[in-house]
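**Student:** What follows is the residue order along each chain.
Number of protein chains: 2
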Amino acid sequence: MVQVAQLGKGADMSDNQQKSSNVVWHQSQVTTAMRENLNGHRGAVLWFTGLSGAGKSTLANAVEDRLYAMKARTFVIDGDNVRHGLCADLSFSDDDRVENIRRVGEVAGLFVQAGVLTLTAFISPFRADREKVRSIVGENFIEVHCDTALEVCESRDVKGLYKKARAGEIAEFTGISSPYEAPENPEIRVDTGSDDLSVCVDQVIAYLLKKSVIQHV
Amino acid sequence: MVQVAQLGKGADMSDNQQKSSNVVWHQSQVTTAMRENLNGHRGAVLWFTGLSGAGKSTLANAVEDRLYAMKARTFVIDGDNVRHGLCADLSFSDDDRVENIRRVGEVAGLFVQAGVLTLTAFISPFRADREKVRSIVGENFIEVHCDTALEVCESRDVKGLYKKARAGEIAEFTGISSPYEAPENPEIRVDTGSDDLSVCVDQVIAYLLKKSVIQHV
Numbered sequence: 001m002v003q004v005a006q007l008g009k010g011a012d013m014s015d016n017q018q019k020s021s022n023v024v025w026h027q028s029q030v031t032t033a034m035r036e037n038l039n040g041h042r043g044a045v046l047w048f049t050g051l052s053g054a055g056k057s058t059l060a061n062a063v064e065d066r067l068y069a070m071k072a073r074t075f076v077i078d079g080d081n082v083r084h085g086l087c088a089d090l091s092f093s094d095d096d097r098v099e100n101i102r103r104v105g106e107v108a109g110l111f112v113q114a115g116v117l118t119l120t121a122f123i124s125p126f127r128a129d130r131e132k133v134r135s136i137v138g139e140n141f142i143e144v145h146c147d148t149a150l151e152v153c154e155s156r157d158v159k160g161l162y163k164k165a166r167a168g169e170i171a172e173f174t175g176i177s178s179p180y181e182a183p184e185n186p187e188i189r190v191d192t193g194s195d196d197l198s199v200c201v202d203q204v205i206a207y208l209l210k211k212s213v214i215q216h217v
Numbered sequence: 001m002v003q004v005a006q007l008g009k010g011a012d013m014s015d016n017q018q019k020s021s022n023v024v025w026h027q028s029q030v031t032t033a034m035r036e037n038l039n040g041h042r043g044a045v046l047w048f049t050g051l052s053g054a055g056k057s058t059l060a061n062a063v064e065d066r067l068y069a070m071k072a073r074t075f076v077i078d079g080d081n082v083r084h085g086l087c088a089d090l091s092f093s094d095d096d097r098v099e100n101i102r103r104v105g106e107v108a109g110l111f112v113q114a115g116v117l118t119l120t121a122f123i124s125p126f127r128a129d130r131e132k133v134r135s136i137v138g139e140n141f142i143e144v145h146c147d148t149a150l151e152v153c154e155s156r157d158v159k160g161l162y163k164k165a166r167a168g169e170i171a172e173f174t175g176i177s178s179p180y181e182a183p184e185n186p187e188i189r190v191d192t193g194s195d196d197l198s199v200c201v202d203q204v205i206a207y208l209l210k211k212s213v214i215q216h217v
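Here the protein sequences come in this chain order: G and C. Numbering of the first sequence is given in our numbering, commencing with residue 1 and proceeding in unit increments. Numbering of the second sequence is given in our numbering, commencing with residue 1 and proceeding in unit increments.
Keep in mind the hints are simulated off the structure, nothing from the lab. Be careful, since some hints might not be right.
A pair holds if it fits inside one copy or across any two, identical chains being indistinguishable in the list.
What the hints assert, rightly or not - Using 30 Å as the maximum straight-line C-alpha spacing, the simulated DSS-like pairs for lysine-lysine come out as follows:
id	residue 1	residue 2
1	K132	K210
2	K132	K211
3	K210	K71
4	K211	K71
Note that the structure is predicted; figures quoted are calculated from it, not measured.
Kindly generate the complete structure, drawing on both the sequences and the hints.
**Tutor:** Here's what the structure looks like:
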């Protein structure tokens with residue numbers, strides 16, 4: 001498969017064609033469609049959003065576990081693997097939170113190009129930020145609202161963050177001192193407040209099957 | 001496979017455990033080793049470095065093409081897919097070039113965690129920047145020096161950048177007005193100045209086989 005790639009712009013851009021008197025190099029390129037064909041499923045982003053303690057990361061990992069059993073190629077992006085790495089230069093200021101989500105969206109977009117079923121777990125409280133990611137990723141963006149009432153999240157308070165937020169020790173804490181803008185039309189809404197984990201996982205998997213993102217194995 | 005993930009830090013961090021009076025959610029996690037097992041090869045970064053016009057991107061794509069034929073899971077990261085996305089906020093200043101390479105290194109590290117054979121094509125002229133990426137990625141970092149003499153790159157001048165650099169229209173152009181610090185001990189050195197493309201590809205594939213990153217199919 002020989003294909004001429006789009007020409008880059010700027011000094012740091014990649015080289016797209018090579019010519020010299022005695023060597024001619026043709027540009028070849030493996031496409032997303034070819035990778036998806038190899039994987040047996042489409043690339044997509046499952047964007048888990050919800051309050052702290054709603055179960056985003058746990059659900060994302062449980063869905064990944066199920067997808068792995070179906071031999072799907074998956075990856076979970078969450079705070080653990082970006083806040084200490086890609087986004088280690090960012091603070092928790094408003095601007096830096098926006099930039100954090102933007103970068104995660106861009107990286108998720110690259111993973112989709114790579115044909116990977118990508119699961120992200122971020123509070124991502126603002127609609128505008130999530131819509132920006134949707135515009136980056138395109139039609140393969142699947143918003144999953146982990147819908148748990150604030151009082152349930154607060155009663156769980158696994159990390160003690162709500163207690164600190166109520167004590168004024170954490171500024172701009174989502175649900176307490178900063179708003180959570182719930183998705184209006186998420187592709188999937190899961191009741192992470194009262195349903196069992198397996199019920200929520202089933203719901204996500206059923207959606208992926210219905211939309212032919214994955215196939216029955 | 002049930003495994004408790006490392007606890008996150010900070011308000012945007014992921015939720016690692018869920019507890020309430022009636023629902024207990026266990027954390028599961030698909031590991032890099034599990035993904036590599038599914039893929040039949042290890043995750044690694046092939047970091048192609050060299051002058052503009054040395055053939056980095058062309059070689060990276062040709063290697064990917066070969067790996068795809070071996071059913072490997074691959075992805076190429078180059079200027080085309082980061083300068084307009086993840087790094088669209090960065091200029092070509094010294095600081096921003098450092099940051100550009102840092103982010104690419106972090107993203108490459110995530111792809112390695114995902115079990116993907118990741119190929120990057122950036123001039124990345126400074127040893128310190130490349131060593132920083134090596135420290136991010138760890139033992140799975142494979143530096144590939146695309147070694148083509150400056151005069152050959154300049155005679156190719158596919159994008160007319162050398163002409164512009166000589167005319168003083170591009171500042172800090174690697175090889176002309178800014179140094180290229182060649183790798184001292186790259187894992188692979190390919191003679192992209194005179195060897196045929198297929199010879200260079202063979203050399204990279206042979207290295208991956210020898211190091212058991214990939215297996216004969």
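**Student:** At 30 Å max between alpha carbons, let me know whether K132 reaches K210 within a copy, between copies, both or neither.
**Tutor:** within (25 Å within a copy, 44 Å between copies)
**Student:** Under a CA distance limit of 30 Å, which applies to K210 and K71: within one copy, between copies, both, or neither?
**Tutor:** both (18 Å within a copy, 27 Å between copies)
**Student:** My question is about K211 and K71: at a cut-off of 30 Å on alpha-carbon distance, are they close within one copy, between copies, both, or neither?
**Tutor:** both (18 Å within a copy, 26 Å between copies)
**Student:** Checking an output row: K132 and K211, CA cutoff 30 Å. Within, between, both or neither?
**Tutor:** Answer is within: at 22 Å inside a copy they meet the 30 Å cutoff, but 41 Å across does not.
When each numbered hint is compared with the structure, no violation occurs for any of them.
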